[in-house]
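**Student:** Residue numbers (my numbering), protein chains in the order written: chain A, 1 to 638; chain B, 1001 to 1267; chain C, 2001 to 2221.
Keep in mind that the hints are not guaranteed to be accurate.
Short, incomplete list of chain C residues facing chain B, as computed with Cβ under 7 Å [unchecked claim]:
#1 L2003
#2 A2084
#3 Y2089
#4 K2096
For lysine to aspartate or glutamate, the following EDC-like pairs were computed, each having C-alpha atoms within a straight-line distance of at most 20 Å [unchecked claim]:
#5 K298(A) - D315(A)
#6 K542(A) - E1052(B)
#7 K1021(B) - E555(A)
#8 K35(A) - E200(A)
#9 K1252(B) - D2006(C)
#10 K1009(B) - D1103(B)
#11 K298(A) - D313(A)
#12 K489(A) - D1105(B)
#13 K298(A) - E311(A)
#14 K1157(B) - D2087(C)
#15 K184(A) - D208(A)
#16 K2092(C) - E1052(B)
#17 K612(A) - E565(A)
#18 K1021(B) - D2129(C)
#19 K542(A) - D1060(B)
#20 K1021(B) - D208(A)
#21 K468(A) - E200(A)
#22 K539(A) - E1052(B)
#23 K6(A) - D17(A)
#24 K1157(B) - D137(A)
#25 K520(A) - D602(A)
Calculated directly from the structure, the hints in this document are not laboratory data. Every residue, glycine too, gets a C-beta built ideally from N, C-alpha and C.
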Amino acid sequence: MILDGKAPTGPIEQSWDKHRFEMKLVNPSNKRKYKILVVGTGLAGASAAASLGELGYNVEAFCYQDSPRRAHSIAAQGGINAAKNYPNDGDSIYRLFYDTIKGGDFRSREADVWRLSQVSNNIIDQCVAQGVPFARDYSGYLDNRSFGGAQVSRTFYARGQTGQQLLLGAYSALSRQIKLGSVKMFPRTEMLDLVVVDGEAKAITIRDLVTGEIRVHTGDAVLLCTGGYVNVFYLSTNAMGCSVTALWKAHRKGAFFANPCYTQIHPTCIPQAGDYQSKLTLMSESLRNDGRIWVPTKKEDCGKPANQIAEGDRDYYLERKYPSFGNLAPRDISSRAAKEQCDEGRGVGPGGRGVYLDFRDSIKRFGENVIRERYGNLFEMYERITDENGYQVPMRIYPAPHYAMGGLWVDYNLMSNLPGLFVLGEANFSVHGANRLGASALMQGLADGYFVIPYTIANYLVQTKPGKVKADHAECRKSIDEVKGTKKKLLSINGNKTVAEFMRELGTMVWNNCGMARSKESLTEAIAKIPAIREEFWKNVKVSGTGGEFNQQLENAGRTADFMEFAELLCRDALHRNESCGGHFRVEYQYEDGEAKRNDADFAYSAAWAFKGVDKEPELHKEPLTFENIHLAVRSYK
Amino acid sequence: MSAHTSEHKTMTLKLIVWRQKGPNEPGRFENYVARNITEHHSFLEMLDVVNEDLIKEGKDPIAFDHDCREGICGTCSTVVNGVPHGGQVRTTLCQLHMRKFKDGDAIYLEPWRARAFPILRDLVVDRGALDRIIQAGGYISCHTGGVPDGNAIPVPKANADYAMDAADCIGCGACVAACPNGAAMLFTGAKVAQFAALPQGQVEAPERVANMMKEMADCGFGNCTNHYECQAACPKGIDVKFIARLNREFLKALFMAKAGTFTPVGE
Amino acid sequence: MRLLSDSIGRKAVVAVTGLFMVLFVVVHLLGNSTIFAGPDGINAYAEKLHGLGPFVWAFRAFMGAMLCLHVIFAILLTLENSAANPDKYAVKKMLKTTFAGETMIWTGLLLLAFIVYHLLQFTVRVTPDIVLGNDAKNRVDVFTMVFTSFRITPIVLVYVAAMITLFLHLSHGIQSIAQSIGLNNDKTMPQFGALGKVLSALFLVGYSAIPVLILAGILAK
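If we strip away everything but chain A, and leave its shape as in the complex, we get (with noise of 0.2 Å):
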């Protein structure tokens, strides 16, 4: 099936002010009838649940953690980008748009790509009116820095923690939601099913994380804010209870899962110390601005203490290859490159998984009071977990799985191919392409939940009569007795293995075969391998405890087994993808010097895929993507 983006025609440049305009409004009398379902409260769903809440609909926002505030969105470090121009060099939407497109090495949709440019700005607007404290020059006008990617300095930033401070906003807005009652917030709250009636998406099923008790809330229309699924991984930069779950049960349900093979790994994390290390921690790559990044040149000098290596033994790798860009290459690119020095026997610390990140010569330019003053907090954290001090010694870092391109298929409104179904946020697909620059998914989780998607759900809500589905409803109770089966079931293997120990073998699987470099073999040994994993672990897992209580296990249990599911339709969408772009490196399909190698005459077009059965191939869904104003191009950072 040829899917349609549904993504307005005409210059681009009007084309969401044109769509907007064309779209149909609920009336705001027949607003509080239409009962929305906000599934996850980071930047995309605390957003959308607040706005939607203030626009008069009623509202439900769930999140699994102990408060809406407590979202992974939180823990981005670096900034925000918006096309504001603030600094006069040069900036412009069409810019950002360019460099949004040409990062997601031409896989994403123009029309998206524009409106988020586009938006960009309304978000600073609206975060600054919020109270966020951005960063400020003496003039107390807002500051920017630059970031990779992009040669302007166009990231708003609040220390080294706008993640944070962009979300306390976003919660904020949703908490004044609450007080008045147009939003009501089930913290502690997990969804574990949706449920679809005549083909639309009108209820979800969830385990009150508390009690265990599981429920069916009904609503006219789902929105699913959840993030993205690179905890496949095991090992990752997402908080331990990122899943992918509520994509997974969804896509089960009938949603298309597009393009689950471009998953970005961050350059500037800091490496594994060893094997029961449960999560990896990034460091901003704002740090890439003053850091110099470098491997000794010879392998017998990976072993000596950094600062004994001469400076002609040093291999500053980044400025050596992309010199125009250097140490700020787009992060595939330096992820990439620092897992060939690696392979190439030059990587330093444990494991010789790592390189290293040096301010030396920052702090001798600017002295180490600005370099704190910049990233103070950074040296602070990397210390505590390394026990190192990055003001005397380099840093080392490796990369490390971080963020989800993919995820679910959804139109130009973020309505998926259910009707009622949006997604938002990194849970779904739409506008980084195979590859997501620094700063933007701050920008796109915001653009989502403040300014689209309460202009394109009213285009939905319009031709569907509020509360046709109730609770009672068969499909609902068909869902709760699938959800507490699955349930029952996992308590009742009692087998010899824990959850952690299967997520740690299917995630390293998964890492080693389908991490930063993918190759036939590889992918065709994964796919082979994940169903006898997922096999042993319905046989022989073990949980212990009741469901009718709190149970964190059982909660890992269920995430685990989907990401059993899900990590074989990864593998194979890699698979299937048979050219190098963006987060997704075939070896197959490399240049000679080691770039990667696009096929745009066979690949131009995102893989959604269709759910089948578990043991199942699952089908595949082509949507055509067509570049109008943006003239593709092999995408050179040299």
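Here the structure of chain A is known, so what remains is to put chains B and C in place on it, guided by the hints.
**Tutor:** Coordinates of chains B and C only, in the frame set by chain A:
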């Protein structure tokens, strides 16, 4: 990310852990042993190891709240040897590493204890009261859209920095846990101070502080007696000067109400 | 009226009444110091004070009100605080607070008891040690009265103990006033902290000097 076997020598630790089945159940301490812990384990990774052992023995693992494990989400919440988050300066429990402990150490683990934070299970408490304080007024009531350009209102850098210092709060509740009075003054003060320092926030300043203080009392938090234990325990080092600011803003609102320039909601 | 019902309002009441009492303690110390000028000093001072007539009673009523408000609200807040923290930790390590800070309610109650005793002794003059009489200029001989009482060791010990209690109470209390009424910021916080310590130490030395020097025979008739 190849598996790297640590060459560091390992530690064995004795844990004395608060176990409680549910909010209204009695709790008690139980003893456990954590084996094969290296100095590079984070505290929560040490607990993971203990829990894996417990699961294999067919026992209930210790329930503890955690999520981001990078010190920013504010979920982790355990009092370790009498100090919330374990006592390393400006460090959440998830960022505390076992190199701060010695082989053979006995470690007490208790949940946040305060009337406003009912225990849900073991080390997990319900911090919904903090959300309710924010819902009472911890925001600027702007609508989505229809706001001026971000640079329309300049904010002196000193004020922006001050607001950011206050906004650093991760809402973990360690201040409440450390407070001998179970008060949430540092949490509330940080939010009030953040907005009071910004021109955008000054419009609603009196209503905000009046409503948040009322909610704080309704939630069952205690009063400040200026011990400053909250600041000492805060993983973000939020300064008690923000409590002074909260006091000032409240008294200001009180006098404004007296002068008739401000009518508190519900009075 | 949220001044009396809200947490911060009540604390402000405790702080402001405390502030007035601190000011009284300053004035009282200056007044007492006239004893170092001998019988002529303190007897003259006492007579002047009593000559103010109704003002003395207004002042006494005001200080009495301050004391009552201070005590009532401090007790109320303390009861609320212990109710807000019903389950104690098995292990609790304090990181920043001081002995003085932790014992405010107890030092406060001790001081209340001392004030009652002190008033009965030197104001109402009903305790057994009191010697009443007039001096050569026919003024009430306050000097002899005080001197006689402070030649009795247990009484001096009670006074010195009370002054140590006052020192503890105010070394936390004075900086606490600044915090509770919202005067503290980065700059003033250490200043008020230092002021509190210096003042409370001055009170300890100044007030204790009188009974100690009399008992030691250094301050003589």
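**Student:** Run every hint past the structure and note whether it holds.
**Tutor:** The hints, checked one at a time:
Evaluation of the L2003(C) hint against chain B yields a held restraint, the C-beta minimum of about 6 Å falling below 7 Å. At its closest, the beta carbon of A2084(C) sits 3 Å from a beta carbon of chain B; the interface hint therefore holds under the 7 Å criterion. At a threshold of 7 Å, the smallest CB-CB gap from Y2089(C) to chain B is about 6 Å, leaving the interface hint in force. The interface hint given for K2096(C) is met, as the beta carbon of that residue sits about 4 Å from the closest beta carbon of chain B, less than 7 Å.
Our distance criterion of 20 Å between C-alpha atoms is met by K298(A) and D315(A), whose separation comes to about 9 Å. For the given pair, K542(A) sits about 10 Å from E1052(B) by alpha-carbon distance, which is consistent with the 20 Å threshold. With a CA separation close to 17 Å, the supplied pair K1021(B) and E555(A) stays within the 20 Å bound. Of the supplied pair hints, the one linking K35(A) and E200(A) holds, its CA atoms being roughly 14 Å apart against a limit of 20 Å.
A C-alpha spacing of about 14 Å is found between K1252(B) and D2006(C), which places the hinted pair at or below 20 Å, so the restraint holds. Distance hint between K1009(B) and D1103(B) is fulfilled; the C-alpha atoms sit about 10 Å from each other, no more than 20 Å. This hinted pair checks out: K298(A) and D313(A) have alpha carbons roughly 7 Å apart, not beyond 20 Å. For the hint linking K489(A) to D1105(B), the alpha-carbon distance of about 40 Å lies beyond 20 Å, and the restraint is violated.
Proximity of K298(A) to E311(A) is assessed by CA-CA distance (about 12 Å); at most 20 Å being required, the pair is judged to hold. For the hint linking K1157(B) to D2087(C), the alpha-carbon distance of about 44 Å lies beyond 20 Å, and the restraint is violated. For the suggested pair K184(A) and D208(A), the alpha carbons sit about 15 Å apart, so the restraint of at most 20 Å is met. Taking the CA atoms of K2092(C) and E1052(B), the gap is near 28 Å; set against the 20 Å cutoff, the hint is violated.
Restraint check for K612(A) and E565(A): satisfied, since their Cα atoms lie roughly 12 Å apart, inside the 20 Å limit. Distance check on the hinted pair: K1021(B) and D2129(C) sit about 64 Å apart at the alpha-carbon level, beyond 20 Å; violated. Distance hint between K542(A) and D1060(B) is fulfilled; the C-alpha atoms sit about 11 Å from each other, no more than 20 Å. A hinted pair counts as satisfied when its Cα atoms are at most 20 Å apart, and K1021(B) with D208(A) qualifies at roughly 16 Å.
With a C-alpha separation of about 11 Å, the suggested pairing of K468(A) with E200(A) holds against the 20 Å cut-off. Note on K539(A) and E1052(B): the hinted pairing holds, with a Cα-Cα distance of about 18 Å set against a maximum of 20 Å. Between K6(A) and D17(A) the alpha-carbon distance is near 15 Å, which keeps this suggested pair within the 20 Å criterion. Among the hinted pairs, K1157(B) with D137(A) is consistent with the structure: their alpha-carbon atoms are about 6 Å apart, no more than 20 Å.
Pair hint K520(A) plus D602(A) holds up; C-alpha atoms about 17 Å apart against a cutoff of 20 Å.
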